[in-house]
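Enquirer: Put together the whole structure using the sequences plus the hints.
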Amino acid sequence: AQSVAQPEDQVNVAEGNPLTVKCTYSVSGNPYLFWYVQYPNRGLQFLLKYITGDNLVKGSYGFEAEFNKSQTSFHLKKPSALVSDSALYFCAVRDDNNNDMRFGAGTRLTVKP
Amino acid sequence: DAGITQSPRHKVTETGTPVTLRCHQTENHRYMYWYRQDPGHGLRLIHYSYGVKDTDKGEVSDGYSVSRSKTEDFLLTLESATSSQTSVYFCAIRPSGRAYEQYFGPGTRLTVT
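Protein chains in written order, with this note's numbering: chain B, 1 to 113; chain G, 1001 to 1113.
Simulated from the structure, these hints should not be mistaken for lab results. Cβ atoms here follow ideal geometry from the backbone N, Cα and C, with glycine treated the same way. There's no promise every hint is true.
[As the list claims (entries may be wrong)] 20 Å max Cα-Cα, derived SDA-like pairs, lysine to any residue:
hint: 1; chain 1: B; residue 1: LYS49; chain 2: G; residue 2: GLU1101
hint: 2; chain 1: B; residue 1: LYS58; chain 2: G; residue 2: ARG1098
hint: 3; chain 1: G; residue 1: LYS1057; chain 2: B; residue 2: ASP95
hint: 4; chain 1: G; residue 1: LYS1011; chain 2: B; residue 2: ASN41
hint: 5; chain 1: B; residue 1: LYS77; chain 2: B; residue 2: GLN10
hint: 6; chain 1: B; residue 1: LYS49; chain 2: G; residue 2: PRO1095
[Unchecked claim] Chain G side only, calculated, beta carbon under 7 Å to chain B, not exhaustive:
hint: 7; residue: HIS1041
hint: 8; residue: PHE1090
hint: 9; residue: GLY1097
hint: 10; residue: GLU1101
hint: 11; residue: PRO1106
Expert: Structure representation (structure tokens):
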């Protein structure tokens, strides 16, 4: 069965600094990896995905994520954080043998001015 | 929110009463999902549907049932609500032709007293 770990409950960065939100995964087949963002009192919004191809994937709002097969990681990154990036971020995984998606527990990102 | 509506948006109910949550989509997507979101657990899949009258269990299906008699509606029923079912419930769809993504509704906050 697939699983996801987000080792940090909370990440704090200063505006303008680079940010990283970490994610590691476990699957039995080929991984399909996703990042979602949740703003207060809203549903999750899709940010980006890795299915196959280039290990660096680019998504919405200037976010990108790097797939590392040897480390089974899919960390979310942004070169310069904005205060408006403050939200709850979820990593998710499914493999090609399953219909369902497994989510991590979430990481709360706070960007301070 | 990807053309997905959920009703009600908020509900308070008493232990032991039945509760039905509705998810409605307007774009004829085949796949629909119900998740619950709890602090420290992220999102966990309750049930999903892959067509009218075709449903399957997810990770945390005990105490929940679902029905899908029309493509546009996916109902989640708590037969006899318990306090452990206090949560935020999200419906999601998988867009047709985009098999690796899910898009979420705005959520229903359910409190069982």
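Enquirer: Any CB of chain B closer than 7 Å to the CB of PRO1106(G)?
Expert: holds (5 Å)
Enquirer: What's the verdict on LYS49(B) and PRO1095(G), does the C-alpha distance respect the 20 Å limit or exceed it?
Expert: holds (14 Å)
Enquirer: Tell me if GLU1101(G) is really an interface residue toward chain B, meaning its C-beta lies closer than 7 Å to one of theirs.
Expert: holds (6 Å)
Enquirer: Is the hinted pair LYS49(B) and GLU1101(G) satisfied, with a Cα-Cα distance of at most 20 Å?
Expert: Distance ~8 Å between LYS49(B) and GLU1101(G) Cα, so the pair holds.
Enquirer: Answer holds if the nearest beta-carbon of chain B is closer than 7 Å to that of GLY1097(G); otherwise answer violated.
Expert: Check failed: Cβ of GLY1097(G) comes no nearer than 14 Å to chain B, outside 7 Å.
Enquirer: Checking one constraint from the list: CA of LYS1057(G) to CA of ASP95(B), max 20 Å. Satisfied?
Expert: holds (17 Å)
Enquirer: The hint names PHE1090(G) as touching chain B; please verify it with the least Cβ-Cβ distance against 7 Å.
Expert: Holds: closest Cβ of chain B sits about 6 Å from PHE1090(G), inside 7 Å.
Enquirer: Hey, LYS1011(G) versus ASN41(B), does the alpha-carbon distance stay inside 20 Å?
Expert: holds (15 Å)
Enquirer: Under the criterion that the straight-line Cα-Cα distance not exceed 20 Å, is the pair LYS77(B), GLN10(B) satisfied?
Expert: holds (15 Å)
Enquirer: Run the distance test for LYS58(B) versus ARG1098(G): straight-line Cα separation, threshold 20 Å.
Expert: Judged against 20 Å, a Cα distance of about 17 Å means the pair holds.
Enquirer: Could you check if HIS1041(G) really has its C-beta closer than 7 Å to a C-beta on chain B?
Expert: With Cβ-Cβ at 6 Å, under 7 Å, it holds.
Hint compliance for this structure: hint 9 alone is broken.
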